[in-house]
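Those sequence lines, one after another, are chains Z and R. Just so we're aligned, residue 35 is where the first sequence starts under this note's numbering, counting upward by one. Just so we're aligned, residue 35 is where the second sequence starts under this note's numbering, counting upward by one.
In case anyone wonders, no lab produced these hints; they're calculated from the structure. Note that the structure is predicted; figures quoted are calculated from it, not measured. There could be a bad hint or two in this list.
Any copy will do: because identical chains look the same in the list, a pair fits if it lies in one copy or spans two.
[Stated by the list, open to error] Listed next, the in silico BS3-like pairs over lysine-lysine satisfying Cα-Cα at most 30 Å (straight line):
hint	residue 1	residue 2
1	K145	K215
2	K61	K145
3	K62	K228
4	K215	K124
5	K164	K62
6	K62	K145
Okay, here's what each chain looks like letter by letter:
There are 2 protein chains.
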Amino acid sequence: MHIAILTFQGFNELDSLVALGVLNRIKKPDWRVTLCCPQVTSMNGVTVHTQSSLDEARSADAVLIGSGIQTRDVVANPELMVRIALDPTKQLIGAQCSGTLILAKLGLLVKIPACTDLTSKPWVQEAGAKVLNQPFFAQGNSATAGGGMAAPYLAAWIIARTEGIEAAAAALYYVGPVGEKDAYVSQALGNIVKYLP
Amino acid sequence: MHIAILTFQGFNELDSLVALGVLNRIKKPDWRVTLCCPQVTSMNGVTVHTQSSLDEARSADAVLIGSGIQTRDVVANPELMVRIALDPTKQLIGAQCSGTLILAKLGLLVKIPACTDLTSKPWVQEAGAKVLNQPFFAQGNSATAGGGMAAPYLAAWIIARTEGIEAAAAALYYVGPVGEKDAYVSQALGNIVKYLP
C-alpha cells in the first residue's frame, strides 16, 4: 500500500504533513506514505526532501494532493499536469484546499461536488466544480477536504477505506488533543462515515 | 519577533509544523518563525532543512519545543541540554507532547503543572512534573500542550500574548475546517483565554 502525497513548491505544511502524520499511524510492513515531489520549499520557507517521484504516483494505491500558494502555477503548466495521471477507478484519490483545483483541472470533479478552502473556492468553481460549504466530501474513490485542520479527515478516510473504521478511529484518537480525544474522534468520523461504501 | 520551534531528530511533523503554519498567519515584517534545529528527519522519514540554530533560540522572543520519538535521547545528552538555555522571565516558552519532558528536565516545571501526550506522561511525571488531563495549560510565560491537534492552541497562545486575542482568533479561523470554523475557533480559544494575563 503506497500513499503518495503530492506536494508542490510553496506547499502548505498543514495539509501535506498532517495527512502524512496521521497516515503513518498504520504500522504495517507494506504501508508506505511518501511526500511525492522534487525537493520543495513550503509557503513559510520550510524545505523538505522528496520521498517519491511524481511518476510513482501513477502506480500508488492512493494519492493525496496537498495545497499551496503556487497551485495556480501548477495547473497552468501543461508539462507538469500531464505527469499527474490519476485513475479513480484504480486509486483512492484525495485533495485538499487548493489541491482540489488540480483535481478539477484534471476533469475529475465533473460530476462530483467538492470541498476546498475559502481562498481557492472561486478558482475551483471557475474550473467547473460545485463547491460545498463543509469540511469533507467523498464519492466513490474520490474525496476532497477544505481547511487545514480537515487534513486528518482526509487521512482517516483513506485508512477507513483500506484498513477499516476502527483503524481510522485509533489514528484520530492518537492525534486528538488530550482531554478532548473522544469528542475529536466523534467529530472527525461524523464527517466521513456517511461517505463510506 | 522571532519564534524558534525546537525540532530534533525523529520529530513529530504535527507538533512542529502545525505550530509553524499557524504562527505564520501573522504577516508582519518583523515576525519570524523558524524551525530551529540542524537538518533533521522526522519520525516518518521527512527530512527538513534548518532555519535557525539552537544558539539563536537563546535570544528568541518565544521558543516552542516540539515532540518526537527521540526526546529521551535529547534529555540524556548533557551537551545538547546545556545548549537549550531558556529564560521564562524574558521569553514565552511552550512545549508539546514529549517536548514537555525537555521543559521538565530543564527544571522549568517545578511549580507549574503541565500537559503532554499519553505516551510521554509517565516520563514527564518521573521528571517531577504534575501532568494534567487537558490539552493546554499556561502559567506566566510558560505553556504546554498535549496531543498533536493541540498544536494550534499553543501557537494561538503565542499570538494572543503578542498580537492579541483577535489575531489569534483570525489565525485559528484560517486553519479551521470549512463549515466548522466558528466552532473550531470557539473550542480552541476556550482552552487558552482562561490562561491569558
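_Could you work out which of the previously given hints the structure breaks and list their numbers from low to high?_
Of the numbered hints, 2, 4, 5, 6 do not hold.
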